[in-house]
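Asker: Residue-level listing of the chains:
Number of protein chains: 2
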Amino acid sequence: MATLKYSRQREAIKEFLATRKDHPTADVVYQNIREIYPHISLGTVYRNLTLLSDLGEILRLRLSDGVDHFDADTSLHYHFICKDCGSVIDLEMDSIDHINASAGRNFPGQIDGNVTYFYGTCKDCLLSKPMEIS
Amino acid sequence: MATLKYSRQREAIKEFLATRKDHPTADVVYQNIREIYPHISLGTVYRNLTLLSDLGEILRLRLSDGVDHFDADTSLHYHFICKDCGSVIDLEMDSIDHINASAGRNFPGQIDGNVTYFYGTCKDCLLSKPMEIS
DNA sequence: TATAATAACAGTAATCGTTACTGATTACGA
DNA sequence: TCGTAATCAGTAACGATTACTGTTATTATA
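Chains as they are written, first to last, in the numbering used here: chain A, -17 to 116; chain B, -17 to 116.
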């Protein structure tokens, strides 16, 4: 029953993701893996990204830009999205899971967790922007 | 330049949203408005939902289900998504904007805000589920 | 009030990210 | 080595959303 078989394409996808800290999309993964396996199919990339995230080996990030991003770092951490350049950056910060209790205080259902990301302007975009006259 | 003109379709969409607390999708809005304006186009619904959210009169919620939800309540509040039935419910809780400071502590960019929602099982789904044997 | 300019419309086609299908290939236990 | 089933490449289909086109309705102005 659905024994997982080795696949070099899946390994390549996993290895590629591990080298990246910028949370690439499926298409970016596809474009990069094609340099190693020129005949790989986009469908294979999607299937394996879904499989790996179902297995918990990678994270699927659904941000507000309508495209899924993938992250090889499955430890608890948070993300920042630059609204100027769209880049996704890891944040080093303490857990904010205490907000779950706050959310559950007046709520009759069961709260299991939260999805949180931060947005603003990244360092590079701050520097490249013209000075604001204040 | 681009003076806003009145449209009865847009008014109907706004009024419909104001009567609902369940954050309907564009298609749900479409199906309901059709009872009043049977010839309204889905494109008109999308165009006006986008226009209204650009004007800040409604909120566009991008959750993880791949479909946009819309909310006539533009005041600061948070949402809960039931992972069993998918319903979107308002939470009554204090602001959690203090997490922005926590996120900015070791981050060189500028943090403007956060997107946060909670997930779990709603009251109705808890009740309708078979008892867990513990 | 009549007219002209143009925002908004209905209907439909196109786009885009993603998923499903199909027949060929590959991994791997017996 | 062989059989079976997972995986593949290639491609078609899908669903949400957006863009296009010719028509209609709103509104400023004459």
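The set of hints was computed from the structure by calculation and includes no laboratory data.
Possibly wrong hints are sitting among the right ones.
Copies of one chain are not kept apart here, so a pair can be met inside one copy or by any two copies together.
Claimed, not checked - Computed cross-link-like contacts, SDA-like style, restricted to lysine to any residue with a CA-CA straight-line distance of at most 20 Å:
(1) Lys65 <-> Ala(-16)
(2) Lys105 <-> Gly86
(3) Lys65 <-> Gln92
(4) Lys65 <-> Ile93
(5) Lys105 <-> Arg29
(6) Lys(-13) <-> Leu45
(7) Lys105 <-> Ser84
(8) Lys65 <-> Pro90
(9) Lys3 <-> Leu73
(10) Lys65 <-> Asp50
(11) Lys(-13) <-> Met75
(12) Lys105 <-> Leu24
Asker: All hints are to be evaluated individually against the structure, with a verdict given for each.
Answerer: Status of the hints after comparison with the structure:
no.: 1; hint: Lys65 <-> Ala(-16); result: neither (42 Å within a copy, 26 Å between copies)
no.: 2; hint: Lys105 <-> Gly86; result: between (35 Å within a copy, 12 Å between copies)
no.: 3; hint: Lys65 <-> Gln92; result: between (33 Å within a copy, 11 Å between copies)
no.: 4; hint: Lys65 <-> Ile93; result: between (29 Å within a copy, 10 Å between copies)
no.: 5; hint: Lys105 <-> Arg29; result: neither (35 Å within a copy, 34 Å between copies)
no.: 6; hint: Lys(-13) <-> Leu45; result: neither (31 Å within a copy, 33 Å between copies)
no.: 7; hint: Lys105 <-> Ser84; result: between (32 Å within a copy, 17 Å between copies)
no.: 8; hint: Lys65 <-> Pro90; result: between (35 Å within a copy, 15 Å between copies)
no.: 9; hint: Lys3 <-> Leu73; result: within (11 Å within a copy, 34 Å between copies)
no.: 10; hint: Lys65 <-> Asp50; result: both (16 Å within a copy, 19 Å between copies)
no.: 11; hint: Lys(-13) <-> Met75; result: neither (37 Å within a copy, 47 Å between copies)
no.: 12; hint: Lys105 <-> Leu24; result: neither (33 Å within a copy, 41 Å between copies)
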